[in-house]
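One letter stands for each residue in the lines below.
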Amino acid sequence: MNFIQKLMLSLIAATAVPGIAQAQEAMTLDQQVNQVFAAVTGPFVSLIFAPIPSTSFPWIVMWLVVAATIFTLYFSFVQFRFFGHAISLVKGDYSDPNDAGEVSHFQALATALSGTVGLGNIAGVAVAVGIGGPGATFWMILAGLLGMASKFTECTLGVKYRNEYEDGTVSGGPMYYISKGFKELGLPGGKFLAVVFSIFCILGALGGGNMFQANQAHAQISGIVGDYPGWITGIVFAVVVFSVIVGGIKSIANVTEKVVPFMGLLYVGAALIILLINYDKIGWAFGQIFGGAFTGLGVAGGFVGALIQGFKRAAFSNEAGVGSAAIAHSAVRTKEPITEGFVSLLEPLIDTVVICTMTALVITISQQLIVDPATGLYVLNEAGSSIATVGDVSGVALTSAAFGSAISWFPYVLAIAVILFAFSTMISWSYYGLKSWTYLFGEGKNSELTFKSIFCVFIVIGAAANLGPVIDFSDAAIFAMAVVNIFCLYFLMKLVKKELISYASRLQSGEIRKFKH
Amino acid sequence: MTTKLIVGLDGHGSGERAVAHAKKLAELIGDCELVVVYVVEWSPYSFQTAEENAQRHKRREEEISTAMSRVVDPAVKSLHEAGIKATGRVRHGDVASILMDISEEEGAAQIIVSRSSEGGFAKRLFGSATSNLVMHAKVPVTVVS
Chain P
21 MNFIQKLMLS
31 LIAATAVPGI
41 AQAQEAMTLD
51 QQVNQVFAAV
61 TGPFVSLIFA
71 PIPSTSFPWI
81 VMWLVVAATI
91 FTLYFSFVQF
101 RFFGHAISLV
111 KGDYSDPNDA
121 GEVSHFQALA
131 TALSGTVGLG
141 NIAGVAVAVG
151 IGGPGATFWM
161 ILAGLLGMAS
171 KFTECTLGVK
181 YRNEYEDGTV
191 SGGPMYYISK
201 GFKELGLPGG
211 KFLAVVFSIF
221 CILGALGGGN
231 MFQANQAHAQ
241 ISGIVGDYPG
251 WITGIVFAVV
261 VFSVIVGGIK
271 SIANVTEKVV
281 PFMGLLYVGA
291 ALIILLINYD
301 KIGWAFGQIF
311 GGAFTGLGVA
321 GGFVGALIQG
331 FKRAAFSNEA
341 GVGSAAIAHS
351 AVRTKEPITE
361 GFVSLLEPLI
371 DTVVICTMTA
381 LVITISQQLI
391 VDPATGLYVL
401 NEAGSSIATV
411 GDVSGVALTS
421 AAFGSAISWF
431 PYVLAIAVIL
441 FAFSTMISWS
451 YYGLKSWTYL
461 FGEGKNSELT
471 FKSIFCVFIV
481 IGAAANLGPV
491 IDFSDAAIFA
501 MAVVNIFCLY
511 FLMKLVKKEL
521 ISYASRLQSG
531 EIRKFKH
Chain C
35 MTTKLIVGLD
45 GHGSGERAVA
55 HAKKLAELIG
65 DCELVVVYVV
75 EWSPYSFQTA
85 EENAQRHKRR
95 EEEISTAMSR
105 VVDPAVKSLH
115 EAGIKATGRV
125 RHGDVASILM
135 DISEEEGAAQ
145 IIVSRSSEGG
155 FAKRLFGSAT
165 SNLVMHAKVP
175 VTVVS
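Listed in order, the protein sequences are those of chains P and C.
For the first sequence, the numbering used here assigns the number 21 to the initial residue and increments by one for each residue that follows.
For the second sequence, the numbering used here assigns the number 35 to the initial residue and increments by one for each residue that follows.
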């Protein structure tokens with residue numbers, strides 16, 4: 021909380037105190053917001069992304085990948101063994117018809133996906149490929165496949181240790197499984213860790229779940245209608261989000277919830293069409309992806325650069341190990357918590373292995389990244405920080421250019437998709453943040469209103485700030501959640517193992533079987 | 035053997051006509067039991083926000099108790115008053131398939147529904163609950179106009 025207060029104070033100081041405003045006369049409001057924001061969030065970002073001593077590898081990326089690998093091994097490749105079972109569960113084969121009307125596996129998965137599928141898949145991948153080259157895609161896919169095991173672990177716990185209140189509503193997520201699970205195991209410090217997680221979750225909700233979304237939505241809109249101040253987009257978004265989460269205007273949320281899956285299908289469909297048009301280059305593109313994965317093909321940081329970018333963007337996109345999905349999945353109606361774990365492992369697959377890979381392939385195939393014809397290596401931009409692109413663009417603008425090179429009108433569709441994805445991700449994360457907030461400060465109208473108002477203020481800040489500081493802070497906040505969550509998952513994973521063994525044997529013996537529908 | 039009849043209600047005036055017709059049939063049959071059913075339209079494949087999911091169980095209970103007290107219980111009561119055996123059910127799902135399922139579970143001789151008032155695009159695309167029922171049910175269906 022200290023951090024938020026500091027940031028709010030700095031903002032008030034920067035915008036309201038006339039002395040400072042005069043001294044910075046030459047700067048626009050957007051620039052001021054940006055400068056203050058970068059200064060305030062800098063130390064936090066540096067800590068999270070600190071490299072492992074004497075390497076350039078951020079320890080946090082290692083932390084996520086090592087965890088995903090450990091969960092994969094500990095549960096003996098659960099993501100492959102139970103993949104078919106997960107599909108049956110989503111189809112409803114194992115759902116009791118008498119539970120009709122409750123939250124189904126499909127609905128819990130769809131809700132969680134609408135929180136993760138979004139800008140990470142469109143803009144985040146473009147950032148990864150722009151800096152790390154096509155080779156980043158390989159590491160992204162690998163991280164996605166491993167991440168399925170992390171997601172399985174946290175979502176099983178999310179359902180198992182959720183709170184079910186007398187009025188029939190539920191609250192779940194890492195803060196609940198950390199405090200209850202540690203208590204069950206007789207370990208100290210559960211409550212403390214749950215509180216720390218909640219603080220980071222609130223920051224993550226304000227960062228990746230909010231500012232990054234607002235920022236990229238603004239970039240997309242201004243890319244089409246021409247440049248204008250970001251705070252204008254911010255205020256429009258803030259008003260709409262406010263009317264949904266505070267005003268309870270369900271119709272807006274309902275429309276989004278219905279249009280977003282359609283947009284997702286449209287996006288994948290368009291990507292497939294572009295790949296089909298360029299089918300002769302698909303082999304070459306995979307060559308770039310595999311070649312770049314191990315050599316870097318001249319990108320900044322070489323092969324390690326590709327690896328870091330791939331892992332980072334995968335984690336940011338599918339949120340495996342972060343703990344956010346456990347909040348969304350915990351509302352499902354099931355007698356077996358582990359079934360939701362199986363269902364949730366489909367999430368990184370759809371999000372990262374399918375959708376992110378599509379984006380990366382389209383960017384690679386459309387040849388937006390400039391290659392030196394003499395050496396076959398990628399050409400770096402002037403700053404040397406990322407690969408030079410045809411239109412000198414990055415983030416969502418790069419994806420837009422890549423799709424636009426094949427389907428000229430697609431950037432307009434993409435703009436609408438980005439705005440809707442941004443919006444639905446904000447709505448989802450406002451809920452994750454809210455659950456953490458109420459865990460810390462108690463449920464109640466005033467407490468909820470306070471958080472929702474802060475959330476809307478951050479939309480304006482996010483839209484006004486530059487991409488660099490926003491993306492850094494967003495990543496840092498979300499990864500900070502993973503620090504606490506994964507640390508606790510190491511202690512709690514044996515509880516999941518017990519569930520897995522019991523469930524697997526009952527499935528084998530036929531005690532758990534499909535219902536006739 | 036007792037003859038069982040299923041009566042599907044839609045919560046509108048037309049449902050009352052179905053009950054009235056079922057009452058008439060029951061009196062003619064004599065040894066007859068009516069199962070009054072109200073279906074809350076619901077699909078496990080719809081999209082909801084996280085907040086709606088968290089409140090779903092509570093909403094479902096509310097939907098069931100509202101449907102019971104406003105639609106099903108009054109119908110069952112009026113049948114009891116007429117000296118006819120009757121029970122009531124509220125289920126979530128697709129109207130036609132729920133009515134078919136219950137008719138099979140109960141070994142019912144007939145399903146009685148009223149002509150539904152829904153219309154427009156959805157009806158053209160998927161057909162109304164009534165027409166789906168008439169086409170697919172394994173027992174005779176009476177549609178009361």
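The set of hints was computed from the structure by calculation and includes no laboratory data.
Any given hint might turn out to be false.
Stated by the list, open to error - Capping the alpha-carbon separation at 20 Å, the derived lysine-lysine pairs in PhoX-like fashion look like this:
no.: 1; chain 1: C; residue 1: Lys92; chain 2: P; residue 2: Lys270
no.: 2; chain 1: P; residue 1: Lys355; chain 2: C; residue 2: Lys92
no.: 3; chain 1: P; residue 1: Lys200; chain 2: P; residue 2: Lys472
no.: 4; chain 1: P; residue 1: Lys211; chain 2: P; residue 2: Lys200
no.: 5; chain 1: P; residue 1: Lys355; chain 2: P; residue 2: Lys465
no.: 6; chain 1: P; residue 1: Lys465; chain 2: C; residue 2: Lys92
no.: 7; chain 1: P; residue 1: Lys111; chain 2: P; residue 2: Lys472
no.: 8; chain 1: P; residue 1: Lys270; chain 2: P; residue 2: Lys514
no.: 9; chain 1: P; residue 1: Lys203; chain 2: P; residue 2: Lys517
Evaluation of the provided hints:
A distance of roughly 17 Å separates the Cα atoms of lysine 92 (chain C) and lysine 270 (chain P); the hinted pair therefore holds under the 20 Å criterion. The suggested pairing of lysine 355 (chain P) with lysine 92 (chain C) holds, with an alpha-carbon distance near 17 Å, which does not exceed 20 Å. Taken as a hint, the lysine 200 (chain P) and lysine 472 (chain P) pair is broken in the structure, with Cα atoms around 27 Å apart against an allowance of 20 Å. With a C-alpha separation of about 8 Å, the suggested pair lysine 211 (chain P) and lysine 200 (chain P) falls inside the 20 Å cut-off, and the hint holds.
A hinted pair counts as satisfied when its Cα atoms are at most 20 Å apart, and lysine 355 (chain P) with lysine 465 (chain P) does not qualify at roughly 31 Å. At roughly 19 Å between alpha-carbon atoms, lysine 465 (chain P) and lysine 92 (chain C) fall within 20 Å of each other, so this suggested pair holds. Simply put, lysine 111 (chain P) and lysine 472 (chain P) have alpha-carbon atoms about 35 Å apart, too far for the 20 Å limit, and the pair is violated. With a C-alpha separation of about 40 Å, the suggested pair lysine 270 (chain P) and lysine 514 (chain P) falls outside the 20 Å cut-off, and the hint is violated.
In summary, the hint linking lysine 203 (chain P) to lysine 517 (chain P) is supported, as the alpha carbons are separated by about 18 Å, within the 20 Å threshold.
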